[in-house]
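In case it helps, the UniProt record's numbering puts the sequence shown at residues 1 to 208.
Derived by calculation from the structure, the hints in this document are not laboratory data.
Please read all numbers here as calculations on a predicted model, not as lab measurements.
Some hints here could point you the wrong way.
[To be verified] Cut-off 25 Å, straight-line C-alpha distance, at most; resulting in silico cross-link-like pairs (SDA-like, lysine to any residue):
| hint | residue 1 | residue 2 |
| --- | --- | --- |
| 1 | K102 | Y59 |
| 2 | K34 | V117 |
| 3 | K34 | F46 |
| 4 | K203 | V47 |
| 5 | K34 | F84 |
| 6 | K92 | F46 |
| 7 | K57 | I151 |
| 8 | K203 | L69 |
| 9 | K203 | F61 |
| 10 | K203 | V100 |
| 11 | K102 | L56 |
| 12 | K34 | S72 |
| 13 | K92 | L19 |
| 14 | K34 | S99 |
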Amino acid sequence: MAVNVCWVLIVLQALLVVLFAVYVRYEDNYDAMKYPLFQDIHVMLFVGFGFLMSFLKRYGFSSVGFTLLLASCIIQWAMLCQGFARLDDDYKIRMGIVSVYKADIAAGVILISTGAVLGRVSLMQLIAMGFLETVVYCINLHLGSEVLRAIDAGGSMFVHVFGAYFGLSVSIVIERTNNADASDEISLRTSNYSSDLFAMIGKYSMTT
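Use the sequences and the hints to build the structure in full.
Listed below in structure tokens is the structure:
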């Protein structure tokens, strides 16, 4: 029986709201100097990744929509996952602008992995991959940065490499279980002038 994606998303959002209400407490003070960084990462996620994923002509519209949906869900989930690693004595998560843009970076990891499986997984599979990968990413980040004290300049290891190899691993698993004709898959992975143009806009938004 097919799973109704709409109801799954409603249930997930309801659970996230409950978790936020129970565990999250918001900081009273804020640093306005850090707000532009939050804005820049948001543009990179929703505009940069969104249009960059439209390089496949068949999945141009779905890739933009999937990016918006996936990033908005993962940002909330990542704030909780990263917060659980540093609970206060009263078992509450202190949330501020720093927590939000760190969660944005976590969403970027999932969107990097999405590039390896785009057009080969359903929306439900993509959401499941995103929620699972977020947990693994937060554990890996905590072990690497807090326990091993590894220095990761620009997120090269914990963000870019982790996201790329996680996506490739999922892609390999899908390849082994997929019985579709190879010629049909190749024809779906082509681009055209319009898709390349939108992908260029996304790349420009990510690098400026």
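Now for the hints, and whether the structure bears them out:
no., hint, verdict
1, K102 x Y59, "violated, 29 Å"
2, K34 x V117, "violated, 33 Å"
3, K34 x F46, "holds, 19 Å"
4, K203 x V47, "holds, 9 Å"
5, K34 x F84, "holds, 23 Å"
6, K92 x F46, "violated, 29 Å"
7, K57 x I151, "violated, 39 Å"
8, K203 x L69, "holds, 20 Å"
9, K203 x F61, "holds, 17 Å"
10, K203 x V100, "holds, 23 Å"
11, K102 x L56, "violated, 29 Å"
12, K34 x S72, "holds, 20 Å"
13, K92 x L19, "holds, 11 Å"
14, K34 x S99, "holds, 11 Å"
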